[in-house]
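Trainee: Residues per chain, in single letters:
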Amino acid sequence: MSAAMSRAAIRIGPEDFDPAAELAALGSAGAVASFTGHVRAEPGLVALALEHYPAMTAREIARHAEEAQARWPLLALRIVHRVGRLEPGARIVFVGTASRHRRAAFEACEFLIDYLKIRAPFWKLEERGDGNRWVEAKESDDAAAQRWGR
Amino acid sequence: MGRAVNVLYFAWVRQKTGTSGETVEADAATVRALAEHLRARGGGYAEAFADLARLRAAVNQEHVPFDAAIAADDEIAFFPPVTGG
Numbered sequence: 046m047s048a049a050m051s052r053a054a055i056r057i058g059p060e061d062f063d064p065a066a067e068l069a070a071l072g073s074a075g076a077v078a079s080f081t082g083h084v085r086a087e088p089g090l091v092a093l094a095l096e097h098y099p100a101m102t103a104r105e106i107a108r109h110a111e112e113a114q115a116r117w118p119l120l121a122l123r124i125v126h127r128v129g130r131l132e133p134g135a136r137i138v139f140v141g142t143a144s145r146h147r148r149a150a151f152e153a154c155e156f157l158i159d160y161l162k163i164r165a166p167f168w169k170l171e172e173r174g175d176g177n178r179w180v181e182a183k184e185s186d187d188a189a190a191q192r193w194g195r
Numbered sequence: 800m801g802r803a804v805n806v807l808y809f810a811w812v813r814q815k816t817g818t819s820g821e822t823v824e825a826d827a828a829t830v831r832a833l834a835e836h837l838r839a840r841g842g843g844y845a846e847a848f849a850d851l852a853r854l855r856a857a858v859n860q861e862h863v864p865f866d867a868a869i870a871a872d873d874e875i876a877f878f879p880p881v882t883g884g
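Note that the protein sequences, when read in sequence, are chains A and B. Positions in the first sequence are counted from 1; adding 45 to them yields the working numbering. Positions in the second sequence are counted from 1; adding 799 to them yields the working numbering.
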């Protein structure tokens, strides 16, 4: 890590988060962009159970945070990803970025959520009235990440 | 001569093998050879490893292709394509 690296805060765990507190922690240096993902309400869906590979999750997310900091002039970034059982409407993930200008904040935020989707080792099990089903990976997520050129 | 590696399973791979992890002694030089060794155990392992195209692998917490080499004491994980975010 060089001295130029911005502040990065990464949290993985079952606890909910407060988007307003996360945004406030990103500061007010010019531009703050964020993404918050929720469990979509779908017919028959009772809850999602999120499982992960803790040692690898930490490393993958840290690696992509470093890459975002190398590609864009970020002042801060925050990533929160929940695990465990989450009901429809619950928050799952937060990615927030701060920079002096909007383009870097927007692009870094999109890059981070796109890579989180295809590289971070999380798996979602849908709990439905008629049984449980693992969520399948989507090709559109691969395509979204590929536009970042790696 | 076999080598002992630490193998982890996640999501439906864990459900089919019936365990989240174990130490495996196998004469396997690559991730693919280890997967084939596990498939040959039959039962839930044969189901879990029936189609390697449905699986992904990591060695020491990094994504790798199935042709990646493995060494004694490595941590090797098998799992479906990830679905976080």
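For the record, the hints were derived by calculation from the structure and aren't laboratory data. Using N, Cα and C, we set each Cβ at its ideal position, and we do this for glycine too. Among the hints, a few may not be true.
Unchecked claim - Which chain A residues stay away from chain B? Per the calculated CB distances, all over 10 Å, these:
| no. | residue |
| --- | --- |
| 1 | A100 |
| 2 | I137 |
| 3 | H146 |
| 4 | K162 |
| 5 | P166 |
| 6 | D186 |
Claimed, not checked - Some but not every residue of chain A turned toward chain B, in silico, with C-beta under 8 Å:
| no. | residue |
| --- | --- |
| 7 | L90 |
| 8 | V91 |
| 9 | L120 |
| 10 | A165 |
| 11 | K169 |
| 12 | E172 |
| 13 | W179 |
To be verified - Computed list of lysine-lysine pairs in BS3-like fashion (alpha-carbon distance at most 25 Å, straight line):
| no. | chain 1 | residue 1 | chain 2 | residue 2 |
| --- | --- | --- | --- | --- |
| 14 | A | K169 | B | K815 |
| 15 | B | K815 | A | K183 |
| 16 | A | K169 | A | K183 |
Trainee: Each of the hints needs a verdict: does it hold here or not?
Mentor: Against the structure, the hints:
no.: 1; hint: A100; in the structure: 5 Å, violated
no.: 2; hint: I137; in the structure: 7 Å, violated
no.: 3; hint: H146; in the structure: 25 Å, holds
no.: 4; hint: K162; in the structure: 4 Å, violated
no.: 5; hint: P166; in the structure: 5 Å, violated
no.: 6; hint: D186; in the structure: 8 Å, violated
no.: 7; hint: L90; in the structure: 14 Å, violated
no.: 8; hint: V91; in the structure: 18 Å, violated
no.: 9; hint: L120; in the structure: 24 Å, violated
no.: 10; hint: A165; in the structure: 5 Å, holds
no.: 11; hint: K169; in the structure: 5 Å, holds
no.: 12; hint: E172; in the structure: 14 Å, violated
no.: 13; hint: W179; in the structure: 5 Å, holds
no.: 14; hint: A:K169 with B:K815; in the structure: 16 Å, holds
no.: 15; hint: B:K815 with A:K183; in the structure: 22 Å, holds
no.: 16; hint: A:K169 with A:K183; in the structure: 13 Å, holds
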